[in-house]
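Novice: For chain A, the structure is supplied; the task is to place chain B on it using the hints.
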Amino acid sequence: MNKLRLIIAREYMSIVGRKSFIFLTLGMPLLFILIMAVPIGLAYLNDKGSDTQQIAVIDETGRYAAALKSDDMYNFVAIKGDTVTNAREFYDKANGSLDAIIIIPRDVDSTGMVDIFSEEAITPALVSNVRSVLADTIETAHLTAMGIPNIQEMVEQAHVDVDVRSIKWSEAGDEQESSTDAAMGLGLMLSILTYMFVLMYGAMIMNSVIEEKTNRIVEVVVSSCRPFQLMLGKIIGVGLVGLTQMLIWIVLLVIVAMVAGSAFGIGQVSPDAVSPESLRMAKDAGAMEMIMRETLSINYTPIIVGFILYFIGGYLLYSSLFAGLGSAVDQPSDSSQFMTPVMLIMIVAFYAGMACMENPSGPTAVWCSIIPFTSPVVMMIRLPFGVPFWQLALSLGLLFGTALAITWLAARIYRRGILHYGKKASFGDLFKWMS
Amino acid sequence: MAYLDIDNVVKRYEGHTALAGVSMQVEQGCIYGLLGPNGAGKSTLIRIINRILAADEGTVTLNGKRMTDDDITHIGYLPEERGLYKKMKVGDHIVYLGRLKGMTKADAVASMHWWIDRFNLKEWENKKVEELSKGMQQKVQFIGTVIHRPPLLIFDEPFSGFDPVNAEQLKVEILALRDQGSTILFSTHNMASVEEVCQQITLLNHAQVVLTGSVEQVKQRHKKNIIAVQTPDTIVPNDNLFTLLPPDPVKKSETRIKLAQGVQVRDAINWLNEHYHLTGFAEVLPSMNEIFIETVKSQKIENNE
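As you go down the protein sequences, you meet chains A and B in turn.
Here our numbering is used: the first residue of the first sequence is 1, the next is one more, and so on.
Here our numbering is used: the first residue of the second sequence is 1, the next is one more, and so on.
Only chain A is shown next, with the shape it has when bound in the complex (with noise of 0.2 Å):
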């Protein structure tokens, strides 16, 4: 066991002492926050860096133009009394200090609509804000026009956004809510993950095993500790090391998203806010509201178990797999040929998972979901949504099962290979080398 620790340790500081892993595990996230910020600041630096906007209302009804209230980015001024005919001459006359006009045709109440000139491209920004503004308004104005008393009150009362609620029976007889979306986005998400968590790091293990047979350095160790010991600790220290990465990853992304939650709180609190625009997100935050209801009636206990459970088993079968052809290689260059077949399997997992989104209860989802090489990741789209228990007990047993069996081929597979140089072993001799 003293062995082991050693080797876990060594294999452990190897990959988390170099350089390249420091800049992944910190660039990663940078890159993400990169690609997303980007983006955003440019947007926001193209509406700071632009002038306000001069925008001229001609409103032919008299009654509207007092709806659109001038911002940072736009002033509207109110002309009275042209018609649609000079607007032209109108725009040329203030000789470049005007950027658009609208009008607001007579006709407005009855047709809904509105005309923007300018000589340069409208922004979409300013046709959804002029839109949503003159809706509400115009509305409120037909509602008023009808002489209902209270009228208003009545509309809003008699609003209603409909919400569909999924529930699912358990053979008990509960009743438990169950959401889709949410469920889905977390099945895809923890699928996603143990996916690229198996690839990532099942290839470093095969580097690290190549890498010790280039060196020669292997007889040397294996003639201290027998080398299935050296082949787990390798698996178990190579494990440890994504730990670690997630770990990292979890708390940049805990820090991001605390840092962002507070800017972001305090732009929503100062009063200036309160616009159309904010009018709707509080809309959207309604939509929010109900995706994090949904989020939190999800059943999270089997979830968390089930993905530990599959993400162990899942690594164990695989990083052995890895572990065991990689020691038949000489050179990186080389695997190739075992890595292929690898990759098929996991790839025709990873679309099965996809494929299961539609209908997690299908006969596919199901078998693939028992099936040990492709449940790791089918399973966790099916978990949110509930799987029977025999389901699960089947899957997990064969997992762990095929897991072990596995890996006790690779050490043996791994014994032989690690000694073995020069020519080509085939899968023929990789065959021969398990019996």
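By construction, these hints were calculated from the structure, which means they are not laboratory data.
All figures in this text were calculated on a predicted structure; none of them were measured in a lab.
Take the hints with a grain of salt, since some may be wrong.
[As the list claims (entries may be wrong)] Partial list, computed: chain A residues near chain B (C-beta under 8 Å):
| hint | residue |
| --- | --- |
| 1 | K3 |
| 2 | S14 |
| 3 | V221 |
[To be verified] What the simulated footprint calls covered on chain B by chain A, stretch by stretch (three residues with Cβ under 8 Å from a Cβ of chain A suffice, anywhere in the stretch; the number is not a length):
| hint | stretch |
| --- | --- |
| 4 | 63-76 |
| 5 | 88-98 |
[Claimed, not checked] The calculated lysine to aspartate or glutamate pairs, modelled on EDC-like cross-linking and capped at a C-alpha distance of 16 Å, are:
| hint | chain 1 | residue 1 | chain 2 | residue 2 |
| --- | --- | --- | --- | --- |
| 6 | B | K87 | A | E211 |
| 7 | A | K3 | B | E195 |
| 8 | B | K127 | B | D117 |
| 9 | B | K223 | B | E283 |
| 10 | B | K219 | B | E294 |
| 11 | A | K432 | B | E14 |
| 12 | B | K219 | B | E195 |
| 13 | B | K87 | B | E131 |
| 14 | B | K86 | A | E211 |
| 15 | A | K3 | B | D70 |
| 16 | B | K224 | B | E283 |
| 17 | A | K3 | B | D69 |
Cβ coordinates follow ideal geometry from the N, Cα and C atoms, glycine included.
Specialist: This is chain B only, laid out in the frame that chain A set:
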């Protein structure tokens, strides 16, 4: 009872036999040469002793007890195909190898300091292995082999990769380890080094022991009854006692004679002394190199028949 007793060890691979019943006894405190051409089974035997491979038949006994996996802490092994973790620091690397052999951290660190001092590597302790020259890396490798002071040391081609100066230092260290009581199993092709350091040898060929014994015995057994005689006179052959051999191309001043069957050295020398003016004579023993080549070649002929 020999310190390391290998009894009738058999190892088969798919399609061929690597060891066909090899036995060998290594006494405590001696340097034992394990010789043989490529593919004779030396590496397989060494790996079995190191418990890297398992024997199909036969036993390996260390110090009177059948070997188990725990006994590998008593062995220091320098394989022919050797290397180090290039990115590790020299000191850390040596300590890691020591601890893998069961040393405590404190012991390993102390021993590491003692050895790197001895090999003048002190200033390299915190450098990465890849920054060292090849010769220095070999020294680090050697320290990693002996750091835990094992009673049994196994060196497979230890001198390959060393320049003559460092090879000499290594030889001195190996002899010193023997004098401190270590038993050393030494596998090599380098017959000159065998004659210099080994007391006992075993020659493997085609998975079998073909020759075994002390270096002296083996030489005596393989001697051809040749005597190198130094004399200013020209010797004429005497068919009853000896025939003349062509002179040694290097030592032209010597006359080489081969004794006839059953003739004692002293009879021939007495006769020569009566008839010629002898200034010196010496029995010519075959070198290990010659014995090696001769034995392996004669086996090849046997096999072909």
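Novice: Hint by hint, note whether the structure agrees.
Specialist: These are the hints, each one checked on the structure:
A hinted interface residue such as K3 (chain A) counts as satisfied when its beta carbon comes closer than 8 Å to some beta carbon of chain B; here the least separation is about 6 Å, so the hint holds. Among the interface hints, the one on S14 (chain A) holds; its C-beta lies about 6 Å from the nearest C-beta in chain B, closer than the 8 Å criterion. Annotation: V221 (chain A) was flagged as interfacial toward chain B, and the flag holds, the nearest CB pair being 7 Å apart, inside 8 Å. Chain A is given as covering the stretch 63-76 of chain B, and this holds because 4 residues of the stretch bring a CB closer than 8 Å to a CB of that chain, at least three being needed.
Chain A is given as covering the stretch 88-98 of chain B, and this holds because 3 residues of the stretch bring a CB closer than 8 Å to a CB of that chain, at least three being needed. A distance of roughly 11 Å separates the Cα atoms of K87 (chain B) and E211 (chain A); the hinted pair therefore holds under the 16 Å criterion. With a CA separation close to 39 Å, the supplied pair K3 (chain A) and E195 (chain B) exceeds the 16 Å bound. Restraint check for K127 (chain B) and D117 (chain B): the C-alpha separation of about 15 Å stays at or below 16 Å, so the hint holds.
For the hint linking K223 (chain B) to E283 (chain B), the alpha-carbon distance of about 9 Å falls within 16 Å, and the restraint holds. Proximity of K219 (chain B) to E294 (chain B) is assessed by CA-CA distance (about 12 Å); at most 16 Å being required, the pair is judged to hold. Under the criterion of a C-alpha separation no larger than 16 Å, the hint pairing K432 (chain A) with E14 (chain B) is consistent with the structure, at around 8 Å. Restraint check for K219 (chain B) and E195 (chain B): the C-alpha separation of about 10 Å stays at or below 16 Å, so the hint holds.
Taking the CA atoms of K87 (chain B) and E131 (chain B), the gap is about 9 Å. The hint holds against a cut of 16 Å. A threshold of 16 Å between alpha carbons decides the hint, and for K86 (chain B) with E211 (chain A) the separation of about 10 Å falls inside it, so the pair holds. A distance of roughly 12 Å separates the Cα atoms of K3 (chain A) and D70 (chain B); the hinted pair therefore holds under the 16 Å criterion. With a C-alpha separation of about 10 Å, the suggested pair K224 (chain B) and E283 (chain B) falls inside the 16 Å cut-off, and the hint holds.
Between K3 (chain A) and D69 (chain B) the CA atoms are separated by roughly 13 Å; this keeps the pair inside 16 Å, and the hint holds.
This entry does not satisfy hint 7, going by the numbered hints stated previously; all others are met.
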